[in-house]
Amino acid sequence: MQQLILYDNRMVLVEAITAELTITQPREIAQYGRVFESLSRQAVVGNASCCSSRQGNGRWQQQGWR
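Positions 3 to 68 (our numbering) are the ones given, in order, by the sequence shown.
Simulated from the structure, these hints should not be mistaken for laboratory data. The model shown is predicted, which means the values in this text are computed figures rather than measured ones. You may find that some hints are simply not true.
[As the list claims (entries may be wrong)] Listed next, with one range per pair, are the computed distances between beta-carbon atoms:
hint : residue 1 : residue 2 : range
1    : Gln5      : Val46     : 29 to 35 angstroms
2    : Leu41     : Met13     : 16 to 22 angstroms
3    : Asn11     : Ala50     : 14 to 20 angstroms
4    : Ser40     : Met13     : 15 to 21 angstroms
5    : Asn49     : Met13     : 33 to 39 angstroms
6    : Ser51     : Thr24     : 26 to 32 angstroms
7    : Val46     : Leu15     : 23 to 29 angstroms
8    : Arg43     : Asp10     : 16 to 22 angstroms
9    : Arg43     : Leu15     : 18 to 24 angstroms
Cβ coordinates follow ideal geometry from the N, Cα and C atoms, glycine included.
Kindly produce the complete structure, drawing on both the sequences and the hints.
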C-alpha cells in the first residue's frame, strides 16, 4: 500500500511499506500531480463508494480472497 501526499507545488511525499520518498524537483512534482488528478477522476466517493465496496467484497469472497 502506498500513500501519496502533495504539499502545494513544493514537495510530494510518497510512503511505501519499506521506504519514504521526498520529491522536490518541479518536473517530478508535476508528474505526481498529473497522476493524482487522474486517480481523483477515477475515485468513487459518497454513497456510490459504499455500494461499490460491498460489490467488490462479494467478488473477493467468491474468488476466495480476503
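Hints, one by one, checked against the model:
1. Checked against the hint of 29 to 35 angstroms, the C-beta distance between Gln5 and Val46 comes to roughly 18 angstroms, which is inconsistent with it.
2. A hinted range of 16 to 22 angstroms holds for the C-beta pair Leu41 and Met13, which are about 18 angstroms apart.
3. Against the hinted window of 14 to 20 angstroms, the Cβ-Cβ separation of Asn11 and Ala50 comes to about 31 angstroms, which falls outside the hint.
4. Taken as a hint, the range 15 to 21 angstroms holds for the pair Ser40 and Met13, whose Cβ atoms sit roughly 20 angstroms apart.
5. Against the hinted window of 33 to 39 angstroms, the Cβ-Cβ separation of Asn49 and Met13 comes to about 34 angstroms, which satisfies the hint.
6. Between Ser51 and Thr24 the Cβ separation comes to about 30 angstroms, which falls inside the hinted range of 26 to 32 angstroms.
7. Taking 23 to 29 angstroms as the suggested C-beta distance range, the pair Val46 and Leu15 conforms, at roughly 24 angstroms.
8. Against the hinted window of 16 to 22 angstroms, the Cβ-Cβ separation of Arg43 and Asp10 comes to about 21 angstroms, which satisfies the hint.
9. Separated by about 22 angstroms at the C-beta atoms, Arg43 and Leu15 satisfy the suggested range of 18 to 24 angstroms.
Comparing the model with each earlier hint shows violations of hints 1 and 3; every other hint is respected.
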